[in-house]
Amino acid sequence: MDNKIKNGPVSEWIVPFFKAMVMDLSPQIVNFGLYSLVKMDRITTEFYIFTMSSFVMYYKTNWAQEDIQLDERRKV
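Each residue of the sequence shown is one higher than the one before, counting from 1 in UniProt numbering.
Because the hints were derived from the structure by calculation, they are not lab data.
Keep in mind that this is a model prediction, so the values were computed, not measured.
Using N, Cα and C, we set each Cβ at its ideal position, and we do this for glycine too.
The calculated lysine to any residue pairs, modelled on SDA-like cross-linking and capped at a C-alpha distance of 20 angstroms, are:
id	residue 1	residue 2
1	19	53
2	19	55
3	19	54
4	19	51
5	75	16
Computed Cβ-Cβ distance ranges for the label pairs, DEER-style:
id	residue 1	residue 2	range
6	49	75	32 to 38 angstroms
7	74	52	25 to 31 angstroms
8	50	19	15 to 21 angstroms
9	50	74	31 to 37 angstroms
10	49	72	27 to 33 angstroms
11	49	73	33 to 39 angstroms
12	70	46	30 to 36 angstroms
Let's have the full structure, built from the sequences with the hints guiding it.
Okay, structure coming up:
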């Protein structure tokens with residue numbers, strides 16, 4: 001990712017940043033979730049399940065699909 005400040009719709013730079021962040025953090029999130037499930041700490045486990053389900057919901061929404069299509073169009 002370049003460090004230039006981009007002018008334009010917020011989603012144009014927020015979404016790729018969010019995606020990159022999720023990709024970077026997913027191993028840690030999974031490890032943290034497994035650890036909390038083993039410890040059976042109720043609040044941590046619920047937080048983990050909520051986080052995972054929100055990521056899944058994001059990738060299932062049309063919003064994510066539109067972003068993917070935008071990326072594909074930009075490459076052409």
